Structures are given as structure tokens and as C-alpha cells.
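Asks: These are the residues of each chain, in order.
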Amino acid sequence: MNGHAYSIEIDQVSKRFGHGSEATLALDTVSLNIRTNEFFTLLGPSGCGKTTLLRMIAGFEEPTSGDIRLDGVSLTGRLPFQRPVNTVFQSYALFPHLTVEENVAFGLEMLGRDRAAVREAVTRMLALVKLSDYARRRPHQLSGGQQQRVALARALAPHPKVLLLDESLSALDLKLRKDMQVELKRLQRETGITFVFVTHDQEEALTMSDRIAVMGGGKLQQVGSPEEIYDRPVNRFVADFIGETSFLTAEARGSALEFGAAGRLAEGALGTTAQGPVALAARPERLRLSEDGGLTGVVSEVVYRGADTLYLVTLADGQNCRVRHTNRLGARERAVTGDRVRIAAEPGAFQLLTGEAGHA
Amino acid sequence: MPSIENRLWRFHGVAPTAWLAFVYLYLPIVILVVLSFNANKVATLWTGFSFDWYLRVLENDNILRATRNSLVVATGATVVSTFFATLAALAMASGPFRGKGVMNAMLGLPLLVPEIVTAVASLLFFLALGLELGLTTVLIAHIVFCLPFAYLPIRARLEGLDPRLAEAAADLYASRWQAFRRVTLPLILPGVVSGAMLAFIVSLDDFVITFFVAGAGATTLPVYIFGLIRMGITPEVNAISALLLMVSIAFVVLSYRVGRRPS
Numbered sequence: 001m002n003g004h005a006y007s008i009e010i011d012q013v014s015k016r017f018g019h020g021s022e023a024t025l026a027l028d029t030v031s032l033n034i035r036t037n038e039f040f041t042l043l044g045p046s047g048c049g050k051t052t053l054l055r056m057i058a059g060f061e062e063p064t065s066g067d068i069r070l071d072g073v074s075l076t077g078r079l080p081f082q083r084p085v086n087t088v089f090q091s092y093a094l095f096p097h098l099t100v101e102e103n104v105a106f107g108l109e110m111l112g113r114d115r116a117a118v119r120e121a122v123t124r125m126l127a128l129v130k131l132s133d134y135a136r137r138r139p140h141q142l143s144g145g146q147q148q149r150v151a152l153a154r155a156l157a158p159h160p161k162v163l164l165l166d167e168s169l170s171a172l173d174l175k176l177r178k179d180m181q182v183e184l185k186r187l188q189r190e191t192g193i194t195f196v197f198v199t200h201d202q203e204e205a206l207t208m209s210d211r212i213a214v215m216g217g218g219k220l221q222q223v224g225s226p227e228e229i230y231d232r233p234v235n236r237f238v239a240d241f242i243g244e245t246s247f248l249t250a251e252a253r254g255s256a257l258e259f260g261a262a263g264r265l266a267e268g269a270l271g272t273t274a275q276g277p278v279a280l281a282a283r284p285e286r287l288r289l290s291e292d293g294g295l296t297g298v299v300s301e302v303v304y305r306g307a308d309t310l311y312l313v314t315l316a317d318g319q320n321c322r323v324r325h326t327n328r329l330g331a332r333e334r335a336v337t338g339d340r341v342r343i344a345a346e347p348g349a350f351q352l353l354t355g356e357a358g359h360a
Numbered sequence: 001m002p003s004i005e006n007r008l009w010r011f012h013g014v015a016p017t018a019w020l021a022f023v024y025l026y027l028p029i030v031i032l033v034v035l036s037f038n039a040n041k042v043a044t045l046w047t048g049f050s051f052d053w054y055l056r057v058l059e060n061d062n063i064l065r066a067t068r069n070s071l072v073v074a075t076g077a078t079v080v081s082t083f084f085a086t087l088a089a090l091a092m093a094s095g096p097f098r099g100k101g102v103m104n105a106m107l108g109l110p111l112l113v114p115e116i117v118t119a120v121a122s123l124l125f126f127l128a129l130g131l132e133l134g135l136t137t138v139l140i141a142h143i144v145f146c147l148p149f150a151y152l153p154i155r156a157r158l159e160g161l162d163p164r165l166a167e168a169a170a171d172l173y174a175s176r177w178q179a180f181r182r183v184t185l186p187l188i189l190p191g192v193v194s195g196a197m198l199a200f201i202v203s204l205d206d207f208v209i210t211f212f213v214a215g216a217g218a219t220t221l222p223v224y225i226f227g228l229i230r231m232g233i234t235p236e237v238n239a240i241s242a243l244l245l246m247v248s249i250a251f252v253v254l255s256y257r258v259g260r261r262p263s
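If you're matching them up, the sequences are chains R and S in order.
Under UniProt numbering, the letters of the first sequence match residues 1 to 360, in that order.
Under UniProt numbering, the letters of the second sequence match residues 1 to 263, in that order.
Worth flagging that the hints you see were computed from the coordinates, not collected in a lab.
Fair warning: this is a prediction, and the values are worked out from it, not measured in the lab.
Glycine is no exception: its CB is placed at the ideal position from the N, C-alpha and C atoms.
There may be inaccurate statements among the hints.
What follows is a set of in silico ranges between Cβ atoms, one per label pair, in the way DEER data are often shown [claimed, not checked]:
(1) R:His19 x S:Phe22: 15 to 23 angstroms
(2) S:Trp9 x R:Val298: 52 to 60 angstroms
(3) S:Val14 x R:Ser170: 43 to 51 angstroms
Required output: the full structure, derived from the provided sequences and hints.
Replies: Structure, rendered in C-alpha cells:
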């Protein structure tokens, strides 16, 4: 079975819930390939179809049409217990009547492994998630973070080909979530298992993933590395969902961008050679307030946020634009509300959004 | 569940009303138990303390036979009705299907149908089938009316069960049967035990239906007590009733405690 570049192939998969007029299309012809040993994240707002897709890989739902393959073999018709795939549930779904070690042993026992092998694997897994001292406890005696690690150990113990994680960190508080993010990444490296992670938290996705698939409205919006997704969002949905973005329209002429009354940016602010009216997205940290900037506007608001300060600027042509500066010790504020400012852009700061007609 | 004090739920006169209600409910039972220890032959005339009536109950072959009948019927009805109630509850929890609402209502409906209607209907049904009235007909009738009592606690328990647990079991390579055996059953067991105990006590108690469908020789304890009372209330009746009461209380307490066991 090995030798396949892809661990999971999702081939034109659609999922419809309900019948007739009440039917909803949860997933609309999604195709994507997940590489072996990859930390792959399905990212999107709630209701975007990411969890449905995960549940179809696990076997809890069957696709209405299309096919899902694992190492080149179709999973269609295979029940959850017939798939070498394990899930870490959002609510953890630990068995409340079993101890921590019994929970972790469950999958191996169901696979019919002998006692010694099960005990050895359980010991190893509990050490991996740093819960060796809690083997005899029951789930309700553990904190949320500990329960989460038990769920992880339980899913990893049978050494599945793919580990599915359904919003598995969202129930934890911020500090614990940060720790678990690092921990998950470590576990993925150490076990060499393909991780498919579902989250609505873009920061989580950017920190942990090798690649991200952004989903919206049951459709696949963009697949790429965190850098690609962040720096080169292909459409408004992706640009809007991930990070902070200013959406602007301009006229591309030659290598320049013209913003009407607000002025023009000369030297290749747009990464592509598109011409005419264009819809653009720009990250606030790719722009700066600068004396020699090509755009003019008035600061409408200044938001201090500790590590950086966000300036909301109304351009002279009426469009709104966000500019972010990192704060340095002892540095004065660059502008206050009502100041007239000029804005400059890094080369390639503006990203062309496809599927939209821009108008200056 | 820690109870939270709520000032808004405090009303005047709750305590006296509660006491009145408790007296109304339990005073007759207390009097019955007290009079079962009465030395006098006239049940309502207290003359002195005695265990005589209890001894006489235990020496009475008819009472012992009726007790055995009651226990056989109650045990049989409990086992069979709990088994089917568990299957029904599992089916109802398996997800939406056509006619689920109707079916759920029909499972609980026997609780609302007047017992006398069920009794007459059962009698006519057995006669129409040509079945001879006896312990078998009593058992069949008891299985039927015990079903909803066994069903409801199991259903309640299943409803409180996270459906993800069954999914997690399946995800961890448990077949349907293994998932049921290792995860679902242990978790709903308190509900099953609770339902079984309820069924047992309801069966042990039943008079109306049993009276209609029991033939000669199939006398159960409540039917026998009714027969005794027609000949006048003796302290013997009080003693049997007190014994029955003890069994009932033991079961209800047990059922309550098992049902409340944390999942």
C-alpha cells in the first residue's frame, strides 16, 4: 500500500443532508490531497463543512457522491471500525466508566493485541502525553487539559495511519491551548502519523500546520502552506477569514496602482501584472505611515494593542485602510486621530483578488 | 449537583403544608404497621404487643403459595420486560426514523390506559385465543404492563448518554456488538437495573389485572389479601401487608440509589 505520495485523497466529495426542499449541501464537490506525515488543517468558520469532511474520513458519515481514498484504497462502504483512522473528539468522548489506562488500551484490545503488547503501548502512550501518574484515575477526576491528552493518547495508541482532530483544542483556555499546540506538533513529529486537524482558529492553523485548506460555504476556498494562505489569499473569503485585511479597489496601470483622489503607488506594489480595475487585499503590516508614501488620508482611529498599534486611515478617495506598526520602547506614537498621513507599501503588499471586478 | 440556595423560591407556609401532606400519605401506613403487632384478634382494637400474626402468616400454606406465585411472576415479568424494554430504548436512541414519535408515545401509553381496561382486554384476548387462565396468562399480562415501567428509566439513561461515546468506540475498532458490550451497556446499566426493579415492584403489587386473568391456583399475594379482607380485616392481613411494604421499600430505595449512580 505504501509508495503513495498521498495519505488521503478526497475526490469530488459532496455531502447532502436531508431530503427534497429541506436538503442542505454541507459539502460541495471538494477535492484535495493530504500528504503522508503531513500536519494538515481544515480551517473555516462554523458550518463550512470541515467537520462533515472529517467525519466522512472517520466513517461516521458517507459521502453523497465522490470518493475518499486512504493510501490509494477507497474507503467507501467501510465502517468506522474498519478504517485505520482514529479521532480525537471535540468533547474528547472519553469512556467515563473506564480508567485512563483502560481508555488508552481500548483500541488495542479491540484490535485483539495480546496483553503484554497492550500494556507496553499504554505505558509508552501515557509517558508520551505525560500522564503516567494518572493511569488509574477516571476521566471526571482530570482537568480539561489532562482529558484532552488522554483522548490524544487513546487515539494514538493503535498507531493509526491518520489521526483526526476535531476542534480538539477549543475547549481549553488560552494558556493551555498554546502549550497543547506545541505538544501536538511534537507528537506529530515523533509518531510520524498524518494529522488532519479541524479548527476555526486561524492562528492555531497558521502555527501548527504544514498545509492548510480554507473552507467556506461547503466549498474549498484555498489550499496551501500557512505562508501562501496568509501572504497570497486567492479571494476575499480567505483574505477576510485569515488575519487582518484592508479591501481596496484601484486601477492597475503599468506597474503602478492608481487610487484616484488618494494618489498612486508607483513601484510594483501589486505582485502581478494585471491591468485595469482591480480588487485588492492588503495586510496592515505590509503598509506603513511614511512621509514619502504615495497615498494620502486622515487617521480616523488609533488602536494600541501592546505589541503593535493599528491605525485606521480614511484615504482621500473615501476608502478605508488599516496600517500596523510594531511598537518599540520609548518610540512616540506616529500619528493621532485626525492627522493627515501618507501611506507607503512594500513591494507585493497588495494581493489581487480573483473572481471580483474591481472599480476605482 | 450542589444545590444553590434561591431566595426567590421561598414561600410562606411551605413547611406546614409539607407536614400535612406527609401525614396524609403515611399515617395510614404507619397505623397498619403498628396494628400488625396487635395482640387482639380485632385488627382495630389495640390490647398489647405480639409477633403472633407474623408467625401465623409464615405458617399459612396458602399465603406461602401465593407468595411463591407472586415471586415467580414478578421475576419472569421483570426479566422479559426489561430485555425488550432495553431493545426498545436502544432502537429509539438509534436516530430518527419514520414513525418514531408515534412509537415513543405507544411505548409509554400503557401507563395512561386505565388498568381495568387493560384487565378486561387481556381477559377477553386470552379467552379468544382459547388460553387456559393460570400462572402463564398472569405472566404474559404482567410482561406487557411492566414494559413501560422498565422502558422509561433505560430511555432516560440513554438520552443522557453522549452519542460520541459510541462513535469513539467504533472509531477505536469496536464492532457494533463490542461497542454495546464494552461501552453502551455498562453506561446504561444503572438505568436497566432501575427499570428492572421498577418492573419487579409493579408486578409484585398488581391486583386488578392479575385478578382478571388469574385462574384457579394462580393466586398471587395481592389477590390472596383481597380474599382475606372480604372475610374481615384481621391482624394477619396487616402483617402480610407490612411484609410486602418492606419488600417494596427496599426495592424502591435500591432502584433510586442505582439510578442515581454517577455515570
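Asks: Now, for every hint given, state plainly whether the structure supports it.
Replies: For each hint, the structure was consulted:
no., hint, verdict
1, R:His19 x S:Phe22: 15 to 23 angstroms, "violated (55 angstroms)"
2, S:Trp9 x R:Val298: 52 to 60 angstroms, "holds (58 angstroms)"
3, S:Val14 x R:Ser170: 43 to 51 angstroms, "holds (44 angstroms)"
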